[in-house]
Amino acid sequence: MENTAHKADFDAFDHTPAIEYKPRIGSEAMCEALLDEGIEHLFGYPGGAIMPFYDALPDYPLKHVLTRHEQAAAHAADGYARATGEVGVCIATSGPGATNLVTGLATAMMDSVPMVAITGQVGRPAMGMDSFQETNVMGMALPFTKHSFLVEDPDELYPTIRRAFEIARSGRPGPVLVDVPKDVQFAACNDNGYRRLKEAVPPIASPGLEAAALLLKKAKKPIILAGHGVTLAGAELELVRLAEKTGTPVVTTLLGLSAISNDHPLYIGWPGMHGQASVNRAIDKCDLLFAVGMRFDDRITGNASKFAPNAKVIHIDIDPSELGKVVKPTVGITADAKAAMRGVLGHLDSVEDNCASWRAEIKKSQESEKMHEETARPEYGPIRIMDAIKEIAGEEVRLVTDVGQHQMWSAQFFKFTKKNSHITSGGLGTMGFALPAAMGVALAYPDEPVWVVAGDGGIQMNIQELATIRDMGLNIKVAILNNGYLGMVRQWQQFFHNRRYSSTPMTGPDYEIFAAAYGLAGKTIHPGGDIEEAVKWANETEGFAIVDFHIDSEANVYPMIPSGMSVSEMIEEHA
Amino acid sequence: MPETTGTAIAIEAKMAGGIYALNRFLMTLQNKRMPVKNLEVNMGEEETKATIRLDCPHETARRYMSLLELLEDVHEVWEPGN
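In order, the protein sequences belong to chains A and B. Mapped onto my numbering, the consecutive letters of the first sequence carry residue numbers 1 to 575. Mapped onto my numbering, the consecutive letters of the second sequence carry residue numbers 1 to 82.
Hints in this document: simulated from the structure, not taken from any laboratory. Owing to the predicted nature of the structure, the values given are computational and were not obtained by experimental measurement. Wrong hints could be hidden among the right ones.
Sample of chain A residues at the chain B side, in silico, Cβ under 7 Å [what the hints assert, rightly or not]: (1) Leu142; (2) Ile167; (3) Pro320; (4) Ser321; (5) Gly324; (6) Ser502; (7) Pro505.
Using N, Cα and C, we set each Cβ at its ideal position, and we do this for glycine too.
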């Protein structure tokens, strides 16, 4: 077959109707591969090297969301993937379009989010020539992706995109990049073949399951530590069953929040740098740590050599390279969280409740914390804002948080009762994540409430997305906790740099006026103002609304275990 | 960096041929800070073979082997003699 596409100049596509390129060219194969993967929504930004794809796009039932920055496209795809469990898709052109995606790819990689990013590349004859908008995005993305492809053979385009989806969702999920030269998008394709991948999930070793069950039966002071892997595997029910069967208290990582309802009597909180002091102390004292779908991040362990010093450790993770990476497990199981917990439950027919006194001990240790929280609850500030959002937005609300102090306050004080209702950038800690990620969440669940909680630093990093939100009519409410600082950095400066607030005081726009400039609704609430009324107003506003809560500029997140230290060096507010 | 032992453990890997697969492989060695003491590569069009000597405890080396084996275009990773 004559390759008519090669006749087109790869740098100056003349927009000849797609029908000229029938029966099938690369850009059409790309769209077909996306359709065959069941994709409905794409987030992206066009440019020279991806123009053939965008030219084909209107002929297919694929809904493209034009973001105002490629980074936002990546975060929106990420938010969509986290909320739905499906693979999120983002698109960008070569050069700066591709480099702008990189933060989003790294964010998804660190939190094991399934995503496929498709980038245009300069045409094959122009590659390696330092051509206009040429970057080696495949090479650049290597450390931040599960896999990256450069498709140089048009016949490989369709199967490569299909493979990218399979890699993204198989085993431990993650982002995959597919870089497609412009002339490949024009070129005729002959192969629709699709080769399946090697099996990524190994079978579970049953001796490990039996050993884990035995340790749980014998433990007097066990704790289940549940991570993002529980949500990714849809293993929330198995987590509750395992906890209830054994009477074991449950804690979660930051990304594990909402894997179990905060109302559940066995849920005791979350540990780590800013986790509850009582939870950190419980881990310090426990005799068995059942860690499932988590990777012992340094924000959880602090000084790993002093983490859970009295505990035998059962570590379940789908990624075998995580076992023993930070904490040496007594029993290590390479498995999907759901399958592993089902397997352990299968060995737990008869269990005596050995943990009643342990639960009572933990409950007692939480009394002063709860009393402190109750005292602060009615005051103007983060706790009351979290309470108001939950109370007014209701049980179905999904909370998307940015990165910093507000993220920790949300994790500490928001009551998560709906599964997978907490979305945040945990591993990479990407400021600017929340607003675009919420676009993905809101698009996936247009009839459910989505609230963003962000700081005045992070919200400004992708605030251009108000235009996308307006165009799409997305139902997103935003609460800015505005302290006029890069609050978490300022807090570290206060604690560890003798209050030298170097480059952390920060100004921003009047968000009410800023929102109005986009034709959107905004409100400013000053200290002492009516938090509940403002949240109610936002909740009742159709579509988007932003509330700029001005809060105490030097409010801190407590407790805090300084980086690399242990629970014995924890800084507490009332200490 | 992992604890060093002064005694290198050899591992061998077979992967897809060409520069891209090798690039991904080398990037992973560097990205995960594997303590590579020595590296020999025999790159072919169809298949590339790498022999690495890692200066770390055996258990750590086995974890690195799992990590390398999970790479999409790595076909096989093994310890010579085992």
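* To do: Could you check if Gly324 of chain A really has its C-beta closer than 7 Å to a C-beta on chain B?
  => Result: holds, 5 Å to nearest chain B Cβ.
* Asked: With 7 Å as the cut and Cβ atoms as the points, is Pro320 of chain A at the interface with chain B?
  -> Nearest chain B Cβ about 4 Å off; hint holds.
* Under 7 Å, Cβ to Cβ, is where Pro505 of chain A needs to be relative to chain B, so tell me if that hint holds or is violated. => violated (36 Å)
* Asked: Measuring from the C-beta of Ser321 of chain A to each C-beta in chain B, is the shortest one below 7 Å?
  -> Ser321 of chain A check passes; min Cβ-Cβ to chain B is 4 Å, inside 7 Å.
* Asked: Can Leu142 of chain A be said to touch chain B, with a Cβ gap under 7 Å?
  -> holds (4 Å)
* **Supplied contact hint for Ser502 of chain A, tested at 7 Å Cβ to chain B** => violated (30 Å)
* Asked: Was the hint right that Ile167 of chain A lines chain B, CB cutoff 7 Å?
  -> Ile167 of chain A check passes; min Cβ-Cβ to chain B is 6 Å, inside 7 Å.
The structure is inconsistent with the numbered hints 6 and 7, although it conforms to all the rest.
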